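Undergrad: In the order they appear, the protein sequences are chains C and Z. 1280 is the number of the first residue of the first sequence in this note's numbering; add one for each residue after it. 284 is the number of the first residue of the second sequence in this note's numbering; add one for each residue after it.
Treat the hints as calculated values from the structure; they're not laboratory data. Here the structure is a predicted model, which is why all the values come from computation and not from measurement. Please note that the accuracy of each hint is not assured.
Just the calculated beta-carbon pair ranges, DEER-fashion [unchecked claim]: (1) C/1362 / Z/294: 51 to 57 Å; (2) Z/357 / C/1585: 50 to 56 Å; (3) C/1489 / Z/423: 50 to 56 Å; (4) C/1317 / Z/369: 34 to 40 Å; (5) Z/414 / C/1546: 17 to 23 Å; (6) C/1585 / Z/432: 54 to 60 Å; (7) C/1680 / Z/292: 49 to 55 Å; (8) C/1602 / Z/414: 42 to 48 Å.
Derived contacts from chain C toward chain Z, CB cut-off under 8 Å, selection only [stated by the list, open to error]: (9) 1362; (10) 1521; (11) 1585; (12) 1586; (13) 1646.
No residue lacks a Cβ here, since even glycine has one placed at the ideal position from N, Cα and C.
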Amino acid sequence: MADGPGQGVTDTDTTVIGQGVTVTRTGETGAFGGELLTINFGPHHPSTHGVLRLIVDLDGEQVKRIKPVIGYLHTGIEKQAEALRWQQAVVVTDRHDYLSPPINNLAYALAVERLMGVDVPPRAKVLRVIMSELTRLASHLVWLGTSGIELGASTMLMYCFRERDSILDMNEEISGYRMHTSYIRPGGVMADATPRFLDMLDKFIGVMPGHVDEYEDLLTMNPIWRSRTMGIGRLPAQDAKVLGASGPMLRGSGVAWDLRKQMPYSGYEDYEFEVATSDLCDCYGRYLVRIKEMRESVKILRQALDRLPDGPVNVDDRKMLPPPREELETSMEAVIHHFKLFTEGYSVPPGDVYQAVESGRGENGCYVVSDGTHKPRRVKFRAASFVNLQPLERMAMNHMIADMVAIIGTADTVLGDVDR
Amino acid sequence: MIAENLIVDRGVSAGDSWITVAGESAHEALSGLKEAGYQLLVFLTCVDHLADSSRHGGGAPRYELVYQLRNMDTLEQLRVRAFVDGDPPHVESVSDLFPPANWDERETYDMFGIVFENHPDLTRILMPDDWVGHPLRRDYPVGGEVVEFSEEHETWQTAPDKA
């Protein structure tokens, strides 16, 4: 299929941006004989999902050159994590990809646990899966709602945020916070699930498939949605692999790669679900992948809720997690452990580890280096959005400027994750 | 795999296997590993080992470059380390081998001041273009930043040689 309009331009220059990946640009004069017009797209453009600035060269309405400028939301999260103790650094992991806090927590917690050689109890593992899948749903719902409103389906936002709000209610019930939950932490989870949470989850699992049908009724066969997304922003499978794309960007190009299947963590190998893929390689394909993933997430949630085992939700290690409140009144040892944990914290054996998890956007990894002290030497977040933003020029070249909105939208980058 | 004489050291850390190569031969080693099937560079970053008490023996280079590679067919992962020193430290860019390294190297340059030779566009990516210093170095203080638009801010952001 053609790469969009702009075919038949003779004055071209082809740039190789990776083996077999090229972008074709016209020369300094546009296809219609006019000069190229350089504009700023963002950083305060509402459809850039945050503060992404693109310097775009336009020939008429066609995109001929894109230079992304990032860093407007850089908050030094990796530097802050180095200044915090191991158990405190969980709160900064919430905030880089602010649409999927528990998944970021999970990457950090698993990395620290692997360095310390601890294994969390089965109930904690299942609760972690439940929170991860709820977060994936919430993240896809934000994506679907905002993409809908950008491409002319205003009611999508209302429907999607209705369901997202019930997920945030569950976050509040289980952790006390609606968004930055810090629920998953090294050694287990913050607190056990309450009976009310399990009731809410059960009801949610019951109604959610019907809601996904509603979204599909509104969009899947909608002629406006289809014409805005089909054939737009093509990224062939080979190019997606070479450019390092992950998550729905890669699966939307027909590559069945999902870390939950390929490199399972936290017990994902025990759940039955399909990896959603689409061979369309365009914005519509990425939309279909995310819709399918929402259905699969509901399936995982049902299995997790049915098999939720009884037992503790934290490792029984007083050097890592504080003792129960009751023990503080009777045991001197408990008081000492409590004091040591909240003044010095625990130390992690020297070494380094990389743990990758599948977030709603792709591979969100955490690379942790310990020098044996009570603070991390280095915490590096491998952000899916940072890598998924780089194929933008490949996808948007020779498209109309209005299609950039669809392309940025379906790449689903979170600028907090890009800039960290 | 790559030629044995390139590998300085190897081991396993918390289940992740790693090799160490010399800073000058990092590009050669990564190109060999790419041929051997490690097609994906998951991430590239740097660790500053300034005053690291867990390291034995003084005089070890301060900066550790870390390349995490993955073979997407066999699911094997390999971490390549290269230790470099100098002010600023130099290493050859691998963005010609792995396109995602382009932004990762810009970020590592921005945050640690590592100079990647033959990089197509080695500029700051997250910090403003006129920023002084490299924030993720261990001798760069946390919270040492002066409030923006305050009177101290102007002098603080001026390079010492221009002050």
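Undergrad: So, for every hint listed, does it hold in this structure?
TA: Here is how each hint holds up against the structure:
1. Against the hinted window of 51 to 57 Å, the Cβ-Cβ separation of residue 1362 of chain C and residue 294 of chain Z comes to about 29 Å, which falls outside the hint.
2. Against the hinted window of 50 to 56 Å, the Cβ-Cβ separation of residue 357 of chain Z and residue 1585 of chain C comes to about 34 Å, which falls outside the hint.
3. A C-beta distance of roughly 53 Å is found between residue 1489 of chain C and residue 423 of chain Z, which places it inside the suggested range of 50 to 56 Å.
4. Range check, residue 1317 of chain C to residue 369 of chain Z: about 38 Å between beta-carbon atoms, so the 34 to 40 Å window is met.
5. In this structure, residue 414 of chain Z and residue 1546 of chain C break the distance hint of 17 to 23 Å, their C-beta atoms being roughly 44 Å apart.
6. Checked against the hint of 54 to 60 Å, the pair residue 1585 of chain C and residue 432 of chain Z passes, with Cβ atoms roughly 56 Å apart.
7. The beta-carbon spacing between residue 1680 of chain C and residue 292 of chain Z, approximately 52 Å, falls within the hinted interval of 49 to 55 Å.
8. For the pair residue 1602 of chain C and residue 414 of chain Z, the beta carbons lie near 45 Å from each other, so the given range of 42 to 48 Å is met.
9. Hint status for residue 1362 of chain C: holds, given a least beta-carbon distance of 4 Å to chain Z, under 8 Å.
10. With a cut of 8 Å, the hint placing residue 1521 of chain C at the interface with chain Z holds, because the nearest CB-to-CB distance is about 6 Å.
11. At a threshold of 8 Å, the smallest CB-CB gap from residue 1585 of chain C to chain Z is about 29 Å, leaving the interface hint violated.
12. For residue 1586 of chain C, the shortest C-beta to C-beta distance to chain Z is roughly 26 Å, which exceeds 8 Å, and the interface hint is violated.
13. Annotation: interface hint on residue 1646 of chain C holds; nearest CB of chain Z at approximately 7 Å, less than 8 Å.
Violated hints, in rising order: 1, 2, 5, 11, 12; the structure is consistent with all others.
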